[in-house]
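S.K.: Listed here are the chains, written in short residue letters.
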Amino acid sequence: MPFSFTRLPSQPMDATGKAVLVNQAGEHIILRMSDVTRLITREAPLDPTLMERLHAGLFVTHNPRSSGVDLVAQSVRSKLSTLMSGTELHLFVATLRCDHSCPYCQVSRVSDDRTAYDMTIEDASAGLDIMFASPSKCLKLEVQGGEPLLNYPLVHELVRAARKRAREEGRPLECVVTTNLANITPEMCMFFRDHDVLLSTSIDGPSDLHNANRPRPGNDAFQRAVAGIELVRNICGVDSVSALPTTTRRSLGRVREIVDTYVGLGFSGVFLRPLSPFGFAVKTQSAIGYDTQDFIDHYLEGLDYCLELWKRGYQFREHYASLLLRRMLTPFDTGYVDLMSPAGAGSAVLVFNYDGDVYISDEARMLAETGEKLFRLGTIRGSTREHLLAKPQFAHWIRDSMNEAIPGCDWCAFRTWCGTDQVYHHATQGDIVGIRSLSSFCQRNMAVFNWLVQKLDADDDDSRILRAWGGLG
Amino acid sequence: MIGQIVTTTESDCIVELKPASNELISEDQMSSRLFIALGDFVLRERLEHETRNIRELIVRQAFERSNLQWPDLDSARPGDDPLRFGVPDIETGRTHT
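Sequences listed follow chains A and B, in order.
Once you know that position 67 of the first sequence is 67 in the working numbering, the rest is easy, because the numbers rise by one and skip nothing.
In the working numbering, each residue carries its 1-based index in the second sequence increased by 473.
Note that these hints are calculated values from the structure, not bench results.
Keep in mind that this is a model prediction, so the values were computed, not measured.
With a straight-line cut-off of 25 Å between C-alpha atoms, the simulated DMTMM-like cross-links for lysine to aspartate or glutamate are:
1) A/Lys18 <-> B/Glu518
2) A/Lys140 <-> A/Asp129
3) B/Lys491 <-> A/Asp291
4) A/Lys18 <-> B/Asp513
5) A/Lys18 <-> A/Asp410
6) B/Lys491 <-> A/Asp294
7) A/Lys18 <-> A/Asp35
8) A/Lys137 <-> B/Glu537
Listed next, with one range per pair, are the computed distances between beta-carbon atoms:
9) B/Met503 <-> A/Asp239: 51 to 61 Å
10) B/Ser484 <-> A/Arg464: 49 to 59 Å
11) B/Ser484 <-> A/Arg256: 56 to 66 Å
12) A/Asp239 <-> B/Pro555: 20 to 30 Å
13) A/Arg53 <-> B/Thr568: 43 to 53 Å
Glycine residues also receive a C-beta, built at the ideal position from the N, C-alpha and C atoms.
Based on the provided sequences and hints, a complete structural model is requested.
M.R.: In structure tokens:
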């Protein structure tokens, strides 16, 4: 049966070293390279017990008409199911205005009194027409900014109209507002509660780190975010607000404190994410950025700490690792748009910018704020969904984002679990395919996959916890 | 290790190599790693060649099985339960003969 293999970097670079083998179904097995060579060349016999494991894992079959081929085909189909379901996530940029001036913000920051940077009701309504034209069974509306609550009248009308339409059409709809919570009021919370809206916010770590990362008048971003979380939980419910940290140079060496902050605020997990190389974040890279290896070290220390907390009885998980583990351990697609092949940009997500322009991803609109509008599909005004997606380049972007055909991904064992990001590689390397050996995206994901497969293979407490994160047990 | 092709002729290919990170590595170590990496690619080529037919069969089989009778069932998620198997018969009015 077809599979790919990659040597584990912690192992000797010879026949005694180990490699991970992954097949098209996403099943994996770790073998010594001497066994991998025997399996492929058949120049020496393989141990019968190993042959049984290879059969069980669908790496070997005696008969191409066996049920093993059916099982792998079914798995391939499940993993690519989002390809056939239509765009689910639609992002609306309610405004570019923001009352924070974070140096790593990926989008333009303008003062909070310039309504020229607000989305209009007419554009929002046109965006809803495009969203509801999607064939996707489930729809997800996410409102972003700037700080979207500075244009609350639009957020209110957008959510109200979307809920009404979803009810009329009998379609499941998830609504999320991404906000710094600095300006949230009890009235807003009551509206969000009544319209089943989830809130997503940012907590970069302890107060001093958060406030240094997120300057605002009064230097009280952390205090306001924490007060907002409490208000939302009191009115909308405990699970109606989630948070994400952004990692800057100041965060390095403080991952345990960051995790502890999330634990202290009562969250059940954290999503440790790197700085995005888009938009205005590029200009501040030299001041707040770091090497990819620095982030990997920070991230893996964070994973170790989350495992340690779990073993101590606090069931706390890292969400990115959980997403990867679900891809590694189950046949299901996670629907996570940043890690799809072909890329989720445009096929799984569409972004409606404050000015009515439509982009294939949030990163694409961030890039556009610095003048690079390559990934703009058109304008919301007078366009249909079909018209926007008929842009000839769009088909090329999709074709060129299939990792089976990307040099460096084509032979990689982690390909079945990984994804591609044309916007990222265009932003960092000036080419939508990019060179994998120079890609931070690739370097980060390879490091995490390598770490996870070796932990899973150990068959100890860590392995059992990681299986639980992936949805098994 | 990062490689860049400098020149190619009908019989030769000259590649310039440098370590991917700041690690100190001797020329011998580097050439040893290169030959091991090339050996791995020979294995991958052989595997790809020998499994090409079954790979195509898997992809064909994955996409040809669309449900003509109930197309909605094809796009259902595992938790959707479009046929309502998880709902008691007393609620669905389903009877068994």
